[in-house]
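Peer 1: Residue numbers (this note's numbering), protein chains in the order written: chain A, 1 to 284; chain B, 1 to 323.
Don't read these hints as lab results, they were simulated from the structure. Keep in mind that the hints are not guaranteed to be accurate.
Not close to chain B: a few residues of chain A, all C-beta gaps over 10 Å, as computed [as the list claims (entries may be wrong)]:
#	residue
1	31
2	55
3	74
4	101
5	134
6	159
7	171
8	197
Selected chain A positions facing chain B (Cβ under 10 Å, derived; list incomplete) [unchecked claim]:
#	residue
9	200
10	229
11	255
12	259
Where chain B lies over chain A, by a calculated footprint (3+ residues, C-beta under 8 Å) [said to hold, decoys possible]:
#	stretch
13	231-241
14	266-275
This structure is a prediction, so every number in the text was calculated from the model and none was measured. A virtual CB, placed ideally from N, CA and C, is assigned to each residue, including glycine.
Residues per chain are reported as follows:
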Amino acid sequence: MDHGDHLCLAFADDDEQRRVVTAYVSAGIERGERVMYFADQCTPAEVLGWLSEAGVDPGPALKTGQLVVTTADETYLAAGSFDADDMVTVLRREVRESLAGGYTGFRVSGEMGWALRAVPGADRLGEYETKVNSVFAGQKASAICQYDARRFTSTQLDGFDRCHPGAVEAQPLHDDGTLRLLPSFHEGHRALRVAGSVDHRTTHALAAALDAALTWPGDIRVDMTELEFIDLAGVRVLSRRAAGLEPGRRLHVVELAPLLCQVITMVGFDETPALVVTPRRATA
Amino acid sequence: MTETLTVDPPPPHGGSLAHQALVYGSDDEFLAATVPFCLDGLEQGDAVLAVTTLRNTDLLHQALDGASAHIEFADADEWYRTPGRTLGDYYRYVDRLTGTGGHRRVRVIGEPVWTSRDALETAEWTRYEAAINVAFADCPAWIVCPYDTRVLPEGVVADARRTHPVIEVAATVLPSDHYVAPTAEGGWRRPLQPLGTDDGGIVMRFGTDLSAVRAEVAESAARMGLSEDGIRRLVFAVNEVATNAVQHGGGAGELVVRRAGRRVVCDVTSSGDNDSDWYVGYLPPDPQRQSGHGMWVVRQLCDLLEVHTGQNSTTVRLHVGLG
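Isolated chain B (complex conformation):
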């Protein structure tokens, strides 16, 4: 039966990451791609993680039979909470399994959650899918992201072709014609959208004394109804971004705090030539390095994070949900 299990090896596209979208429209199509992917992985000694819907998890359990005991399953709704945390979780999983876990490679079925996302969340989860290509570029990981055409909006499926270098449709695996690399000039940059704010909010200039910034964020966020935990996360994150502004962005910056819908949103703007990539903070940190961990932590503490570099300034927009 092994001949039916052959799967195309990960197509070379630089680094050791293979990241492909699986566009499927039926249970059979889902299983035809994922079952061999899992079995072949187990045969080769890869660690296999399946993060998908409860329905697809059931399908996989039945189709894989006893082999599913060797696969780690996670519920997509639990796993895909915020882009920063999810990427951090994936990174730690790969690191653990290929490090002390002793596996040569990790295979992941990662089915993101798209339903019940608002426009901003959809845009940021799309950028997350794009960021994976640079964040995991050097990781021994083979990631297959299923997209279910039965339930997903056309736009989301179309975006999968922009975010994945390789695409699998109806048992055919091909490089995507529409792939846009994270580093592509202008490809993933997107100006910050105007916010429909419910609250006048506050604006303050700051210099090197960040205690004033922390106090203002804590006070405003509390007034806007953010939880204690949310306030602590936001204060820590804003302080990191403001520290960057003070140390690398001209010694000063501007803070705007306001409530927009079900989120508290902080903009930290600094001037100077702080030319940050839009995916800053998605690149895993090296604990040995002297700096550069800040934005990685900020991404994971915030529910959404947008980084926009303009002509002479950089704005980091931090969102924390009111829960």
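Okay, chain A solo, but in the shape it has when bound:
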């Protein structure tokens, strides 16, 4: 997380949200930045509890005003509606005043679940998310917007994700420097992201990560955008896991290099009905 970042945190389990929020807020306090947190599904007490349990006493920061933990309802939604332009103005002012007040930076995080309620102006959230990029870009300030993937539809999630210049990375299921396997999102759907190379030494890691991903509900997505290499044994793992799915579920391998799509056809893995392969879009 760097100054200037405006990241989307799409999460589908509470531990993931808690881990990211705790790390983000406590690092801000430690670095002498001003930190604002707008809760929605959680209560401010819960969020403060996460800090305490992680060994960070929020008391002193709360007392000086370095840390503010409040709710969206009590602040920018207090008037009963959401005004995107007002909110951008408020954030600009907070950044300016925090830096003028001697803080080393400004960071803010908000739970965005309120957008699913009938709040007037909530339909302009996407517009706001786009505008807010300019508030943080090039500033000693950053933001993480939290979207609970279990509550937003994949279309909504994909839309909001696209408004952000970046996304918060989840903790990898595997990372050995050559291959990273991490829970992620692809077009608003939960996905297992495969980054790096799969060969005979890491086939088992791919299999284990897939098994973890198979516990997610619905179809499974494997995002190969950052795949550098996969051998046939790795492809076979994908095919076998797809073949083993219960009826109605499918394994989507997306953004796969064209050569590997050919290989899948050569071996006949394309005849596995539950395996759906989408080739990587040409970049040349």
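Position chain B relative to chain A; hints supplied.
Peer 2: Below, chain B without anything else, positioned relative to chain A:
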């Protein structure tokens, strides 16, 4: 007119494949054999595919008249690009037509391309013709391979008698006296030929870390002028062969990459008792199996592939053309 269409049934020689060479020296001889073969096939409900020259395709169209609409035609120059890919294409065709296509059997007129092949290509296409006997042994396919004595070198026609169990000459169909089965001891084994290399090339030993192998192949092949697509194919193929070497061939191996003429050639050598048949990778894979698909894919990704088992080592030589 049906009595003129009688064709000898496929001679039994084990499995359900019939693979015969048709040696012909005139258009009439070509048509006298292939037209009844096609018509009889259609009558029996077989799928019929004719892969031949444009000239022979025209001849067949005229002679078959309306019936040619029920036959699938392919241009031999397009179809016979590399032995591995061609065999894979044939296999998928037979599988599709006899599987979901609902045909009991597939008949193929398959006229390989021999002109404009260099010595190595000719040798490998000959071995391909031999490999068909084992690769399709259990396939319900009747394959007739025409050999045109007007244009082919004598050696190629002579080899047709070694690669086909059955031979048809001047309307006479007989078992070939010279047939050599793919599995025959020593019959099709051939030591790797020395390469006239234009490039010093590289030699490296490898162990279980194959990322170094992939990087070396990619870098060398790029330096030697291989296309992006060629590099990706070669890297994938070498990685599969090297994986076999590491997992079944004593845990280590040696890689040699060099340029020879218009090809980049990689040798992957492993020690141990990895007693591979020369036709490994020509046998179609069963997707349900846990392993054994690697060499099938390697054959189809490479332009030529030679597998040679020596006393205490196996060398797989992969060729990818510079295009």
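Peer 1: Run every hint past the structure and note whether it holds.
Peer 2: Verification of the hints:
1. 31: 37 Å, holds
2. 55: 39 Å, holds
3. 74: The assertion about residue 74(A) holds, with a minimum of 54 Å to chain B.
4. 101: 51 Å, holds
5. 134: 39 Å, holds
6. 159: 34 Å, holds
7. 171: Answer for residue 171(A): holds, closest chain B Cβ roughly 24 Å.
8. 197: Given a closest Cβ separation of 6 Å, the condition is violated.
9. 200: 5 Å, holds
10. 229: For residue 229(A), the interface hint holds, since the closest Cβ of chain B sits about 6 Å away, which is under 10 Å.
11. 255: Where the cut-off is 10 Å and the nearest Cβ of chain B is about 16 Å from residue 255(A), the hint is violated.
12. 259: Constraint on residue 259(A) satisfied, holds at 5 Å.
13. 231-241: holds (count 5)
14. 266-275: holds (count 6)
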